[in-house]
Structures are given as structure tokens and as C-alpha cells.
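Peer 1: Build out the structure end to end from the sequences listed, making use of the hints.
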Amino acid sequence: MGSLGQVTPQQMHFSEPLPLRSGAVLADYTLSYETYGTLNAERSNAVLVCHALNASHHVAGVHADGSVGWWDNLVGPGKPLDTDRFFVVGVNNAGSCFGSTGPMHVNPATGRIYGADFPVQTVEDWVDAQARLMQRLGVEQLAAVVGGSLGGMQALAWTLRHPTRVRHCMAVATAPNLSAQNIAFNEVARRAIITDPDFHGGHFYAHGVVPKRGLRVARMIGHITYLSDDAMDAKFGRELRAAELGYSTQEIEFQIESYLRHQGDKFSEYFDANTYLLITRALDYFDPALEHGGDLARAFAVARGNGFLLVSFSTDWRFSPARSRQLVKALVDNRIAVSYAEIDAPHGHDAFLLDDARYHAVMRAYFDRIAAEQGEPGAHRPGSGSPGPGRAPAGGGERSEPGGHRPGSGSPGPGRAPAGGGERSEPGGPHV
Amino acid sequence: MSERKDLELIAELVPAGSRVLDLGCGNGELLAHLRQHKGCSGYGIEIADANVHACVQRGVDVIQLNLEDGLALFDDNSFDVVMQLDTLQHLRNTERMLRETARVGRIGVVSFPNFAHWPNRLRVLGGRMPVTKVLPYQWYDTPNIRVGTYADFEVLARKTGLAVTDSFGLQAGRVMRRWPNLLASVAVFRFEGR
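Just so you know, the sequences run in chain order A and B.
Residue numbers for the first sequence follow numbering that gives the first Met the number 0, beginning at 0 and rising by one.
Residue numbers for the second sequence follow numbering that gives the first Met the number 0, beginning at 0 and rising by one.
If you're looking for bench data, these hints aren't it; they were derived computationally from the structure.
Some clues are possibly wrong.
[Claimed, not checked] Between beta-carbon pairs, the in silico distance windows are:
hint: 1; chain 1: A; residue 1: I182; chain 2: B; residue 2: Y136; range: 44 to 52 Å
hint: 2; chain 1: B; residue 1: V174; chain 2: A; residue 2: R297; range: 38 to 46 Å
hint: 3; chain 1: A; residue 1: Q180; chain 2: B; residue 2: D75; range: 29 to 37 Å
hint: 4; chain 1: B; residue 1: R105; chain 2: A; residue 2: L289; range: 55 to 63 Å
hint: 5; chain 1: A; residue 1: R297; chain 2: B; residue 2: D68; range: 21 to 29 Å
hint: 6; chain 1: B; residue 1: R105; chain 2: A; residue 2: Q180; range: 56 to 64 Å
In this text, a Cβ means the ideal position worked out from N, Cα and C, and glycines have one as well.
Peer 2: Next up, the structure:
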């Protein structure tokens, strides 16, 4: 398995307005994207990768500045999403802060920076914009759309908005909507940002400040929810920063405090406050059953032509296996082809970004199946159909010992980078 | 139920074109066979990671669930056939699982190792638990939490209110309709809910 090496982002400008779910329009916008691999002559091997809260179009490979793509452990030559077979597209959603049109850009209607006036985005709006991008790239129908967490919601929405333009949906660690508890966490994060005196109602750019305090707290609370209790305990426990307690109410005593503050500090340096509000709102709003009287099965009736792979992780309490099972039920009720893997992994929601052997083996097997359906030569090369070199996961696909596979580097710590085991690359940490 | 011939004989109980739910589907071999030879569709249920992976690899739709948690995912009569092959002896609540099988499927098909097969009887007469091709485990190291006999199942089926529409034993790739409780290592039942 190799790396894609250096990759370069591209941009596509769209002048035709995008109608949004809110009734507003995105008048004129640019999407940043990256592509890996080659679109085949039949244009049948395209796979779209949707990103989660704080990630971007930089899915795999390395940028000139050294930053590694957020799903580099999954996407690349010989990897589960094999760029030797598939034409892979990563796209940054509008409203984000990593290159596509967002709140820090100038509103063409007013000549001023959007700030808080950037139109509210929904998962469905993003998917519509992605569909336009795929059209421009010459892809009438995706072989698959893939995403985790909020990215998984986009993958699901593809099958509801554009069911004939995608064949397979692979949705990892996701949910049919957010629970009240999930919305509550988002709201705490938003209040932290909005009540920061430097927020200035979302127009802080004009004041030359950034609501960093709010962003830090938002990131801290988010980070807690992406990890399992056990993972946090394993990494930090009650470890102290100093040799002994300082009996201070305000200084750092425990390593976990130090870690969260560090994560918050880093995040506040690169993430946009309005983007955080927009993206958490998109999460809150996603609820395909809503317009079907709360009946999720009816919502998925349009997706009958699609195949699905759903994956959840046992310790993910933010997007728990029970939520994925609701999706499975909706699909089964519609007699839709679905496979579902519930991976016993210790890392909580973060697991979807990590290199867990069982998880990646299932993803690889499903991509093999898609390739085989296409009748691609790649599907029949040695090691494709049967376990072989570069095919079998560590452990040869056998059931692993409980806790035996420590994904990533030796230290299965929270917030590990997707590849390399170092710190998460920026823009990275594509949580939720 | 690894034996190919047994699998084919059991597959004959499934009407062509059926929508099938295979509880404890293993590596998906039966569902793949039913899809290929009888135009069936449906899903397998598995708990083991390796089997889930094997199913996805062969293109069989598999749902990773613990059968002990029940079949709440599936509506009443949502499948033509619910299979439960070589699974029953691993489950804590056999009776509840049978009721669930009858609730979800129009037809239920169950197979399990027949403990009353004569070599097993001889072995027990000799004072030891049997270790055979069908029951390959030592008594102290086995995934089977129970063993039962062909005759036992007939009693349970009556108690559970299942109408047995066909039953036979399997021995060395052959259907045994005569004295199956004595002569067959595997018991097979097809039933419908009443």
C-alpha cells in the first residue's frame, strides 16, 4: 500500500445560484476539491468522499505544506478505497473555512464579508452542490458515496436526493438524525462561541479579532464527545501534570485538562467561528424522516436502487450503534440491499478515522464488490477476490482478539492523526 | 453445516424466489447458493467479525447482530423463509428464538446436531461425551451451550405451537427419513407458525 504522495487542491466556480432548503440561495460560489486516481472511459468508477465537521476536501495524500489528508489511511493506492481502481473525489462544502465559499468570503450582493449573514446550509444543500460538481467532472453516476459521521449523513442524503446518480452508499458512524443530547452538545458549543465578546454577532472580521475563547470551549466539549470513557481513561486516567497536586482552582492539575486546552488552542487558530455554527446547525437539521411523518422507512423508499454498507463502533456514544440499526431497519423495511458491520472498537466516535483492521477489512471487501460489479480488470487481479498480499487485513480477516487490534500507531490515543500516528493534520480532525 | 451436500439438501426446502433471512449465516455460503440457484434474496445475520467480512466479500448482504438481542429489526411476516442452521445450540433462549423465527417468517427452517445419533449414545453409554464431526468440541471447550435431539425438537415444536411441515435427518450427505433420531447426526425441521 502506498501513499498518493503530493496532491494539489483544485477549485470549481459555479455562477448559477444554488437554491437552499431554507429558501435562500447561494448566489455564486466556489468549491475546493481534490481528485485521486483516474476516471475510467465508462465514467463508472467515481467515488465521492464527504467530510465531517472540521475536515475538508483534503482526504488523502500530502499537501505541499506537509499536511496529510484526513482519511489517508483509507484512501490511496492499494488501500481499501483503492485509487488504482477508483476515481476518488473529495470536496469541501460551502460554509466551510478551508477554501470553498464560506462566511469569511465577500458576499457579492453587498460587497462585504458574509460573516453571520452566510446563508444557513443543510446536508441536502451540500449534496446538491456536490451533485453539480460531479456533473462538471463528467460523472453522471457515482459508483459510491462514502462518509463518516456528518459525512455519513451526506452519503445517506445522496441516496434520497439523487438516488439514480449513485449506486452504493457507505455511511460510517452516522445517524438518521441527531438526538436531543447531541443537539444539546452542539448548542453548548455554539453558545460558547456566540457569547464570546470577540464574536461581535458573527461580524468579528471587521473588528480584527477572532472569538478564540468560544472556539476553544466548543472544541473542548466536542472532543470529549468523540472519545469513549475508556479511551480517555486509558490515555489520561487521573494522571497529573505536575508531580503533585497544586490545589489551584484555575491552573491545570490533570493531564486531560492540558490535552483539552491544547486541542482547543490549536483549533481556535485555524477554524472559523461562523463555520462552526453553520456546520453544527447542518447536523442538527438533518432529519430525512421529518417530511415523512417521522417514518424513516418511507424516507428511504426512494433509495430502492442503491446498495448500502453501514458501519458503527461499539463505544461510539455520540453516534451509537443503535442509531445505525435504525437505518438498517429502514432499509430492510424497503427490501434494500444493506450490509451492516458493528465494529467492537474502544475509541468512541473517533474510531471511524482510525485504522482498525476489522473496519478497514469490511470497507475493502465492499469496495472490492463494487469494483467486481463494474467488471473492472482491477477487480480480478491477484489478491482482489481472495485473501492475498495487500488484501487480508492484519489477522487475515479472522476475528481479532478483544482489544487486540490497536488501530493506528502503538498508542491508540484519542486525537491521533489518521496516518503516521502523529498529531492530526490541519485542516484535520474531521470530527462529527 | 459446512458440508456442501447438506447445504444443498437444506436449500431444497426453500421455495424458489423466496425472500430469506438466514440467522447465523456464517460465511454466507447458503445465501449465495440460494441466490445463485433459486433466485432468492435476503439477508444474513451474523455476530462474528470474520463471517461478516466473508459475507461482504462474497457479496451476500449481512447484518451484524447478536441474535440473543432478538429480531426487533424485522417486522412480522417480512420474510418468506427464516433459516436457523446450526445456530440453535449456541443461543440461550431457543424457545424465544423459535417464536421470533415464526413471527418474522412464513416458513421456518431449523437444523442442529442430533445428540441422539447412535454413535453419541454409545459414547455416552461408555461414560464419555461424544466428540464427532458434527459435535467436534470437547465438553469443557465448546461454543454449544446445549445439545438436543431430533425427538426433543418435536416436543418443543408442539409446545411452541409450531406446525412442522417437514422434517428429516441428515447423515453423510444423505436424507434420513427412517429413524432419524437414531440414524442421523443432523436434525432438520421445516415449520410454520400456527
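Peer 1: Now look at each hint and say whether the structure bears it out.
Peer 2: Hint by hint, here is what the structure shows:
{"no.": "1", "hint": "A:I182 to B:Y136: 44 to 52 Å", "in the structure": "holds, 50 Å"}
{"no.": "2", "hint": "B:V174 to A:R297: 38 to 46 Å", "in the structure": "holds, 45 Å"}
{"no.": "3", "hint": "A:Q180 to B:D75: 29 to 37 Å", "in the structure": "holds, 32 Å"}
{"no.": "4", "hint": "B:R105 to A:L289: 55 to 63 Å", "in the structure": "violated, 34 Å"}
{"no.": "5", "hint": "A:R297 to B:D68: 21 to 29 Å", "in the structure": "holds, 25 Å"}
{"no.": "6", "hint": "B:R105 to A:Q180: 56 to 64 Å", "in the structure": "violated, 40 Å"}
The structure fails hints 4, 6 (numbered hints given earlier, in ascending order).
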